[in-house]
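Just so you know, the sequences run in chain order D and P. Under the numbering used here, the first residue of the first sequence is numbered -9, with each subsequent residue one higher. Under the numbering used here, the first residue of the second sequence is numbered -9, with each subsequent residue one higher.
There may be inaccurate statements among the hints.
For identical chains, the list gives no copy identity; a pair is met inside one copy or between any two copies.
As the list claims (entries may be wrong) - Each computed DSBU-like pair below joins lysine-lysine, with the alpha-carbon atoms no more than 30 angstroms apart:
hint	residue 1	residue 2
1	K278	K164
2	K138	K187
3	K164	K82
4	K278	K124
Note that these hints are calculated values from the structure, not bench results.
2 protein chains.
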Amino acid sequence: LKQVALKKKVIGIDLMGSDAAPNVLLDALKAQISSLSPNVELVAIGTSEYKEKASFLRFYSADEAIQMDEHPLQALRHKKNSSLVVGLRLLKQGTIDAFVSAGNTGALVSAAKMILGLFPSLLRPALLALMPTKGQAVAVLDVGANLKEKASHLVQFAQLGSAYQKVRGIKNPKVGLLNIGSEPLKGTSELRLAYQKLKNSSLHFVGNVEGKSVFDGEIDVLVTDGFTGNVFLKTSEGITSFILDQLNTHFSEKSLTELRHRLYYTEYPGALLVGVKGVVVKCHGHAKPESIFQAIKGAIEFVSHDFVKNLHHEFIYNRL
Amino acid sequence: LKQVALKKKVIGIDLMGSDAAPNVLLDALKAQISSLSPNVELVAIGTSEYKEKASFLRFYSADEAIQMDEHPLQALRHKKNSSLVVGLRLLKQGTIDAFVSAGNTGALVSAAKMILGLFPSLLRPALLALMPTKGQAVAVLDVGANLKEKASHLVQFAQLGSAYQKVRGIKNPKVGLLNIGSEPLKGTSELRLAYQKLKNSSLHFVGNVEGKSVFDGEIDVLVTDGFTGNVFLKTSEGITSFILDQLNTHFSEKSLTELRHRLYYTEYPGALLVGVKGVVVKCHGHAKPESIFQAIKGAIEFVSHDFVKNLHHEFIYNRL
């Protein structure tokens, strides 16, 4: 039993495909690795030219990198051993316990579906981000795994988000649908249909929610399509950075540190790809090395608490 | 000439159809009306039961009100003399110079198209909101006049937004397309098509822009569909209110007043319905009386500067 508890947590890091150059990322990892528990091992996945620079880490070689501007499916077809595919294979075979990547989202999501597989009866995975509010953090999904969503996908995201919050200890998570008004007739036809389906489901659905009220902290799960959710997340980041910038001109740096810590989204541990059988954490493409390091810490938390396994069970147990 | 300059500016206010009860709105107007220039007259439009309470204002009676949860076109068909239709007719015939409403958006937009007419060759109007950034304010459109937009609509919104900023004195406004990444291939097929059309247009198109970078102040016009734009606007409002709330627990009220003034979206004068021949200012349905009063001030500004007439000329002159 003791041996199991002390089993090393191995986190794989994709060095490739983000805006941060692999060398810059490696420098950041080297500088911060000592702050991690000795029970954690970081593993780098990249093309062989970075092997020497990464000599302080176990290293797995990939043949190539998928770039941000490549078409996801074409790239996966032509680059059979890209860093993200190598990483996901290592995750599938248990060599690593979690995979963190800031690479091409579409390619990562498609490859994760193929290599890791989806939860039973799930149509699509979603990227889930936990965001701060006046109350408890809200789980927002999808923040970009897909572009458009049908009502049936949105309903499954509500189930996934609800399962996620149950695993975090919230008994009966309140689910809202991101819309442009609270009335049932608001929004696109898919949103109106999703509203009806959610209303008739066993989930604790509280109705349509506007971007304005999300931060009041009265819901635990916010369901949206991947395009809108991505805009929602990035707008929140943008306006937070804008306001903190304004504050800097008014208040001392010292007095702002706590607030910054509470609000700043680089502190938040990336988005979890929910619905695939494995811990895959996605950072955005222009993530700075420090936020990739935060995502690594987030991945360690997920692994430590067997989070995705519990999520999987919760999802099956509460299937609609 | 002097007479023209001193011509009274008459602003019509829709008392009906928002979350704020007409009586509450009238109390707020009564309390604040003395702060307006004597050169401005406010006119109330509502059902006759509010006539007495509104005795301090010129009053126009409507037969009924269109509610927020009504289907816009059905409501317009069945309620021929609703307050918003009466108001738009008064605007069309020149009895009022601007119309401010916090009522049903879909009904207001459809009625404005029919009663006021569109700029030549324009397919649809858009709601435009001016939002604060680290630099100059950015004109965001559409923030909710329509739900979905085709590439051709988005291109026209870019023209409208560009014309709007030219009238505000910006020589060569920079136009960005709200998207989930900066690469040309990002987003839906309509966004990809709009990207190509804008790239090949005479507008100063700077490419796709993420919600994160909008607030850096490097663009003057942000083009998006009405659903996403509405989420964008309301998310910005929500997170601003959230952060100011957090700040209240850290800093004194006094030190925050200036910042609040700079950021708080209730200070911003509602959204202008651009593309119709008349000054129509839309406040959101849950606007508080004080933000409706801000919208009235915004409408006075638009009227004082012949803004919509200039916008119309600018739009025609720079048609693609």
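Comparing the hints with the structure gives:
{"no.": "1", "hint": "K278 <-> K164", "in the structure": "between (33 angstroms within a copy, 27 angstroms between copies)"}
{"no.": "2", "hint": "K138 <-> K187", "in the structure": "both (18 angstroms within a copy, 22 angstroms between copies)"}
{"no.": "3", "hint": "K164 <-> K82", "in the structure": "neither (33 angstroms within a copy, 47 angstroms between copies)"}
{"no.": "4", "hint": "K278 <-> K124", "in the structure": "both (26 angstroms within a copy, 21 angstroms between copies)"}
In this structure, only the earlier hint numbered 3 is contradicted, and the remaining ones agree with it.
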